[in-house]
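**Q** Sequence:
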Amino acid sequence: MPVSSKQEILTLLSAHAARIQQYGVTKYGLFGSFVRDDAHVDSDVDILVEFDPPQKTFDNFIQLAFFLEELLGCQVDLITTDALSPYIGPRILQEVEYVSCENTDFASTNNCCPCGIGRRTGFVNA
Numbered sequence: 001m002p003v004s005s006k007q008e009i010l011t012l013l014s015a016h017a018a019r020i021q022q023y024g025v026t027k028y029g030l031f032g033s034f035v036r037d038d039a040h041v042d043s044d045v046d047i048l049v050e051f052d053p054p055q056k057t058f059d060n061f062i063q064l065a066f067f068l069e070e071l072l073g074c075q076v077d078l079i080t081t082d083a084l085s086p087y088i089g090p091r092i093l094q095e096v097e098y099v100s101c102e103n104t105d106f107a108s109t110n111n112c113c114p115c116g117i118g119r120r121t122g123f124v125n126a
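Just so we're aligned, residue 1 is where the sequence shown starts under UniProt numbering, counting upward by one.
Hints may contain errors.
Stated by the list, open to error - Within a straight-line C-alpha distance of at most 20 Å, the following computed EDC-like cross-link-like pairs (lysine to aspartate or glutamate) qualify:
no.: 1; residue 1: K6; residue 2: D44
no.: 2; residue 1: K6; residue 2: E95
no.: 3; residue 1: K56; residue 2: D38
no.: 4; residue 1: K6; residue 2: D37
no.: 5; residue 1: K6; residue 2: E69
no.: 6; residue 1: K6; residue 2: D42
no.: 7; residue 1: K6; residue 2: D38
no.: 8; residue 1: K6; residue 2: E70
no.: 9; residue 1: K6; residue 2: D77
no.: 10; residue 1: K56; residue 2: D82
Simulated from the structure, these hints should not be mistaken for laboratory data.
Between the sequences and the hints, there should be enough to build the whole structure, so can you do that?
**A** Set out below in C-alpha cells:
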C-alpha cells in the first residue's frame, strides 16, 4: 500500500536510515508535494540525496531507488544534490526536510540540518 502522508514517509525513511546509508548516502530529505501537503493518491515521492563521493555509483543509485520504491509502495523521484538545476534547485533546497546527515550535532539555532541547508525534521539517525 502506498504511503499517504509526509509523516508516514519521514517515519519510514528514519526507521530505515541504516539501510539507506549502506548505499553510500550521507544526507537525504523529502521535498515536493508531500512536504507542501498537496500530494494526491497518485503522487510520487521526491527525495533529495547526497552520496559519499567514492560510493556515488550508478548501481548504488539504482539499488537505492528500487529499495525506496519498495519501502514506500509508490514511484520515487530520486534526485542527487549534484543534479539540481540552477533554476529549480534553490526552491528544492529551500523546502527539503532532511531526514539524516553525517553530522547529527544540532547546535544550530536556526532549526536547520547540520549541513546548513533545509529544515530539520527531528527524524535524524546517525
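**Q** Against each hint, give a clear statement of whether it holds in the structure.
**A** Verification of the hints:
{"no.": "1", "hint": "K6 to D44", "verdict": "holds, 12 Å"}
{"no.": "2", "hint": "K6 to E95", "verdict": "holds, 13 Å"}
{"no.": "3", "hint": "K56 to D38", "verdict": "violated, 31 Å"}
{"no.": "4", "hint": "K6 to D37", "verdict": "holds, 8 Å"}
{"no.": "5", "hint": "K6 to E69", "verdict": "holds, 15 Å"}
{"no.": "6", "hint": "K6 to D42", "verdict": "holds, 14 Å"}
{"no.": "7", "hint": "K6 to D38", "verdict": "holds, 10 Å"}
{"no.": "8", "hint": "K6 to E70", "verdict": "holds, 17 Å"}
{"no.": "9", "hint": "K6 to D77", "verdict": "holds, 15 Å"}
{"no.": "10", "hint": "K56 to D82", "verdict": "holds, 11 Å"}
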